Amino acid sequence: MATMHDVARLARVSVSTVSYVLTGTRPISQATRDKVLAAMTELGYQPNAMARGLASRRSRIVGLLMPMDERGLGATETAFVTGAAAAASAAGYHLVLSPVGDLDDLRRLASQRMLDGAVLMEVQVEDERVTVLQEAAVPLVLIGRTGDTTGLSYVDIDFDQTVREAVDHLVDLGHRRIVYVNHSAAAIATGYGPAVRTRDAFMTAMTGHGLEPLMIPAQDSAAGGRAALAAALAAAPDLSAVLVMNENAIFGILGELTNRGLAVPHDVSVVSMVTSPQVAELATPALTAMTSPGSALGRIAVEALLRHVENTGDAQHQQLLPCALEVRGSTSPAARKVVVIGGDHSDPTGSGPPGT
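The number in the working numbering is simply the position in the sequence shown, starting from 1, with 1264 added.
Heads up, some of the hints might be wrong.
[Claimed, not checked] Simulated restraints on C-beta separations:
| hint | residue 1 | residue 2 | range |
| --- | --- | --- | --- |
| 1 | N1523 | E1476 | 22 to 32 Å |
| 2 | E1476 | D1424 | 14 to 24 Å |
| 3 | A1354 | R1524 | 47 to 57 Å |
| 4 | T1342 | G1455 | 16 to 26 Å |
| 5 | A1354 | N1523 | 44 to 54 Å |
If you are wondering where the hints come from, they were derived from the structure by calculation, not from laboratory data.
Predicted, not measured: the structure shown is a model, and the values here were computed from it.
Note that the Cβ used here is the ideal one computed from N, Cα and C, for glycine as well.
Between the sequences and the hints, there should be enough to build the whole structure, so can you do that?
Here's what the structure looks like:
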């Protein structure tokens, strides 16, 4: 691999002159510049990212700011990252994944001008990170939405359409007692966008069908899923379907159903929302899911951000993408029941009255 010294030797100039051509920090005659550029071409020399950044007054680095905890990145979150990284690389930028969550740390990062721009994930309805970056004049795009999106660029999941289609799928199968397992009560209370928006969308979708909505919050863990399923059955012992948007809790829910002798989907149908195909296929049976457009959202967000960085294209970009319904083995028509002494039992002939 050719070095700066090789370029200087071939062009018969000093190494510092090659550096000045790359960075533009000192004026260089056009004749000397042409010699250096010709030597670079002949040797196949590729200037490093820092040199290119100095020449353009940019770092050519964009940040993906995503607060993380001990859970780390799951398959669904990883799709956002890979989509964003591919878009950045295609444009000649580097993507840095940063778990910065503390506002003081974010202010320091913004003040150092190490990033040309930032994409924010895990967006809250009221998100102070937006104000910090705006005050530092750092271009930004959200994957998610704040409550007030005036003047902001964002891409997000269309949660209204996603939840409506999930509920419609279950209702079309004859389910009438559907429980929604959301993220934790704390996530809802602090205004985590997906948790708040899906809660509201579920209420709207269920009441639109004349059905009673029941939402159960769950901690983001298998144990949280087991506890949520127990709470759901206590509140609605006649439930026939569970809609879940908590990837870390879903396997606890499935395990608790099995522990209680309830078969999926014969006794209880399950739909997982905002889920990657990789996660959906891990379950037995494979999960019917509203598949996340994570890779597309990551790509679109970075493309929009780079238009801001380079001052090209529209002033702002606002776009919603729905999840896509993929029917697998965890949903089926609601079981019909007959009432007999001793309790409700499935009617294998299907001739009894429909359950409620």
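Results of checking the hints against the structure:
At roughly 26 Å, the beta-carbon separation of N1523 and E1476 lies within the given 22 to 32 Å, and the hint holds. With their beta carbons about 20 Å apart, E1476 and D1424 fall inside the hinted range of 14 to 24 Å. At about 49 Å, the beta-carbon gap between A1354 and R1524 stays in the expected band of 47 to 57 Å. About 25 Å separates the C-beta atoms of T1342 and G1455, a value consistent with the hinted range of 16 to 26 Å.
For the hinted restraint 44 to 54 Å between A1354 and N1523, the CB-CB distance of approximately 48 Å keeps it satisfied.
The earlier numbered hints are all upheld by this structure, with none contradicted.
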